[in-house]
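A.B. asks: Residue strings, one per chain:
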Amino acid sequence: MKQQRGLPLLWAGVCGVFAVASGSLTAAPSIEQITIGASPNGLPIIVQAVGESAKDQHGRGRDERPALVIVAGVCGSHQIGTEVAAQIGARLIDQHAELLAERTVYILPVLNPEGAEKFLTHRPRALYGRAPESQDADRDGRVDEDPADDLDGDGLILMMRVPAPNAKYALEATHMIDPDDGRLMRAPRPEKGELATHALLIEGRDNDGDGRFNEDGWGGTAGGGVDLDRNFPTHWPDLGEGAGLYPLARPETLALVRWLQERTNVIGVVVYGRHDTIASIPAVGQYGPEGRVPKGIEKEDQSFYEVASEAFRKITGISKGSDSDRAGSFVQWAYADLGVYAFSTPIWGRPDLVKREDQPSESADGETPARAGETSRDADVASERQALADRGVPQQFIDFLYMSEEERQAEMEAIGNAPPETQEGMMAQLQALPEDVRARVMAVAQGQADPGRGAERAPARDAPSRRAGRASSGQSEEAAWLAWIDEHRGGEGFVDWKPFDHPQLGPVEIGGFVPGVRVNPPQDDVARLLNEQTEFVVWILQRMPRLEVEPVEVERAGPGLWRVGVVLRNDGFFPTVSGIGQKVRRLPETIAALDPDLGLAHGSLLSGDRNQRFAMIAGSGGTQRAEWLVRARAGTEVTIEIRSARYGNRVMRVVLEENR
Amino acid sequence: MSMLRSLGIGIGMATALVGWSASTVHAQPHVESRHDIAFNRYYTFEQIEDHLRAVAEAYPELVELRSIGKSRQGRELWVAIVTAPNAPHSEKPAMWIDGSIHANEIQASEVVLYTLWYLTAHYGQTQPITDLLEHSAFYLMPVVSPDSRVAWFEQPSTPHSRRANQIESDSDLDGRINEDPPDDLDGDGSITQMWKRDPRGQWIRDRFDPRIFRRVPEGEFGDWTYLGQEGIDRDGDGRVGEDGWDGYDMNRNWPADWQPNYVQRGAGPYPLSSPETRAIAEFCYEHTNIAAFQSYHNMGGMLLRGPGTNYRRSVYPREDLRIYDELGRLGEQMLPYYRYLVIYSDLYNVHGGEATWAAESLGVISFTNELWTAAKYFQRDVARPNEEQMWFFRDRLQFGQVFKDYTEVEHPHHGPVLVGGLNKWSMRSTPTFLLEEECHRNFAFTAFHAEQMPLVRFDRVRVERHDEGLWSLTVELRNERLIPTRTARQRQANIGSHDIVRCEPGAGRVVSAGRLRSWWDTSMEEIRFEPGRVQLESGVPGRGAAVLRFFIEGREGSEVRLSFEAEKAVDQEITVRLVPTPENASE
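Top to bottom, those sequences are chains A and B. Its first residue numbered 39, the first sequence is counted upward by one per residue in our numbering. Its first residue numbered -6, the second sequence is counted upward by one per residue in our numbering.
Treat the hints as calculated values from the structure; they're not laboratory data. Each residue gets a CB set at the ideal place from its N, CA and C atoms; glycine is no exception. Careful, some of the hints might be misleading.
As the list claims (entries may be wrong) - Which stretches of chain B does chain A cover? Using the computed rule of at least three CB atoms under 8 Å from a CB of chain A, they are:
no.	region
1	221 to 234
2	254 to 266
3	512 to 523
Using the sequences provided together with the hints, build the complete structure.
C.D. replies: Right under this line is the structure:
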């Protein structure tokens, strides 16, 4: 079913009627949708709460059980994160229901619905993932007046390489054409006598005539929105470009922080987004200028991150993550401010960095990995589909073109039954398609043969010779991507430089990577990536802390004198509170309280604080013991309360008597 | 100009004379207000609300009373917008002034209320005040935290409590909320001290003044043991009154160098998490005409500026510090016993403070005044009064009003105890008979600060004819006041819009434009793009000028419109004819 592949969520976001997603996704009994806020245009921000709705053996409801939070779609262009997040809840229920009896998983698939909508629907297409917001980035009193422009009309915002210096516009030469591969631009190596010959600009013109290109507006060098992953308070880039007017100035980020601050049961966070904190773990012992707020992680948490990282690398084959500046990011806030383990992964990255033992991975649900049974025809279809995707054709239209006749009938019927606003949204989408694609969709919808089938196939390229040429050009990031595109995608994903007569700059060349091609994987990889991420989430859930309370011990110490003790034990792998959590102290420590309601006479408690506090109980069977010396008549009943915001409260009553 | 010159030779002399000559003849200057307010007493929040409404009603032409939101407990957040009716407030540079973000620092509200009272009463009667309101606007918020002011007045408090925003919170992190609030055992409205008779105690009472407890020498025994703050351990955890209505410190809740609770207690869950701080921030971000900022606190007699930490020094550029220094040094003269200080180096570290936020995130010149200082008790005679001198002052000048006599109370855990001591009106509040002076001197300081907000006019203009219909037009934009239209901090952090100078010939076109370092420069620094719409990224400097030259292709005698737009100055426009300016005209 399409719905299980999570597309309805994106689809609904595209149509601007996000709420329809709830109908299809609440079908499973243990997923509840909660709206925690809305974007400025009113698109809801939805959290799926996955877990048992009934109380568990300790009397805890869904929001009182220790929880893992999954957040995706902070950046609108990171579609893969949203796709995986939108499907993982149903997957957990289907295959790992036992883990959900005493745990909760909260999933937020799209924090930035407007950014996602813009990335998916705005044409031309740019690598734009911000939350749209007018900025006046250049402070000239005009707003969004100089965005990027699709000069050559190919529907994509690419790069311009401009011979520089330039007479009128003060363009500096910063790059040269890579002699090993004329498609790559790189900085010259002065020690080898190389010279900079070109300026590299985003495709566009100087729309406002101020002498600068694309400096204020959508898709340009600045402005046109807020990067939500730079709008969180932790190490917020003070008034930095795209960081927002102030931390949490955007309703999306504020809604998420408010919602999480209200939760007391969050133990860890998994983020699908541009930062990596799990394939390679963050630095230990680095702090902001105030000396206290970690830029990476605390020493106390390092060993747990290392174990988790090893598991993650084994599951995904991702051998290393790229270090990135997490100032103002959600993941760093979740760690350093909320005080919980926070693992972030882009899910998919440079394919050459994935090192797997070369066996067809046994996926959790028995699906054959897409790569294993690939025939040449499948490869052609895949290549065609990718070419469409690169042109910005929404995924559901691509699916529609390539599905079987029966599937198509069912889809048409489903569309016929959809609410009017969904239908309107789809019609608008259809109208926005490139003309040839629209003709194809119309044709197959009317039961005719697809006039474009086969036409999108990538032209054969001289891939081997390019590879040979690049072998000597080193391991640059761009070269690696290009090699993968040449070898596995028949060159689709990179647009070769083409001359263009720029109205202001004269002759330039336009080309470069297709926006998003290095962010989101080919559709064929999604099933495998979903399996991997599910496996890692399961790995965490299995190792979450579990607070057990052993029976209360009562010992007669003398006449009317009693020693009362209780042991708390953690049977999970992770400690009850992370190292950073003990520093943050956002929530009360675990408290064992004797006689919390002061039922005994004043002065009965001879030794031991009434509230005994435990900052942390170590994992893998670690214990803490509370003990009191109490004066009371034999037969008196006393209450012991275990108070834990994260693991739930328990109340026990014991009678003070010998030989219980 | 006359005001400006008078600054150099002693404040107020010349300006006061102008005021006198403008009013009717009195034996001494007396200005009637349409709503009189006494400033030898303190007002509850409700009484302040009544005064605000009364002043707004009495001066509808000058005052708009606006609620910018509601406190967490639902009280109105009042801002009085004050300006002369010659132009809307939003078109003039404005000064924000607030008080009682820490509502136990009570006199802050009276100072802001006095500011409102003085401005309205003196407009049209005292020339410098009339000028001030013609050129600028004030946003006055006397009570930032009404909930805590109400709590301080109505609930048992100390001079230091109710500083936080009065929310339900688990202050002692024991998993229970507000389970052990303060207890006013003797019912006097203040939380004072508890003493217990103890033959092995460490304290004795003074023979001549039993209000004074003295510690005995080591190895000796006294009669009393100090039990601590008045109250009962209601939750049996061994601590007294540790978890009542409390919350976090709204002066650590602002989005400039905000740091979480574990760096600085009281920060709140995130920046602007309190409805009060958020309402102010939203108002200030929206009102880009705010060009000066003042918040009032107590105590210590200080004129404070940022930064709040040493690592934020770089966000106070040197050009801005010159302005702070000039205002601060002058403030020291206007406010005897006050010192101009820097928060991080002279006081302590502050992250996420309000006034530093205004300086760093709005980029405006911003002060925090710490009202009242012990030096004021005896003024020139005693800088730091000792205990005996303080009792003399309390007895002879305050007639014992700030002390609660010790009385015996039956305590549920300790049995009979003595409860009493200095009450909540002691120490931090300005003694009421000195309050009006405190209000006036601080108001006068802010009036001076406000007067230094940008006042820009087109000054000299020179038109020259060149070849074949080519003209040059040189123009000087002059700012009479100390504060530039864009501070160095605004430039540094890219805050707010650039000033814009337009040159629009009725016929013809602007072919080139450029900046001149001085009026006498022959060559200019060319602006290559959009010569008819010049952006002044650095604005117009304080007590200085921006000089621009436009080359125009146009007909003789045709009109050229010159306009100036700035967020923090009144917009200007003039029309110039393309006719050569005679030699030595205007120069």
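A.B. asks: If a hint holds in the structure, say so; if it doesn't, say that too.
C.D. replies: Do the hints match the structure? See the list:
1. Counting residues of the region 221 to 234 of chain B whose CB lies closer than 8 Å to any CB of chain A gives 4, so the stated coverage by that chain holds, three being the minimum.
2. Taking a C-beta to C-beta cut-off of 8 Å, the region 254 to 266 of chain B contributes 7 residues in contact with chain A, enough for the three needed, and the coverage statement holds.
3. With 3 residues bearing a CB less than 8 Å from a CB of chain A, the region 512 to 523 of chain B meets the requirement of three and the coverage assertion stands.
Checked against the numbered hints listed earlier, the structure breaks none of them; every hint is satisfied.
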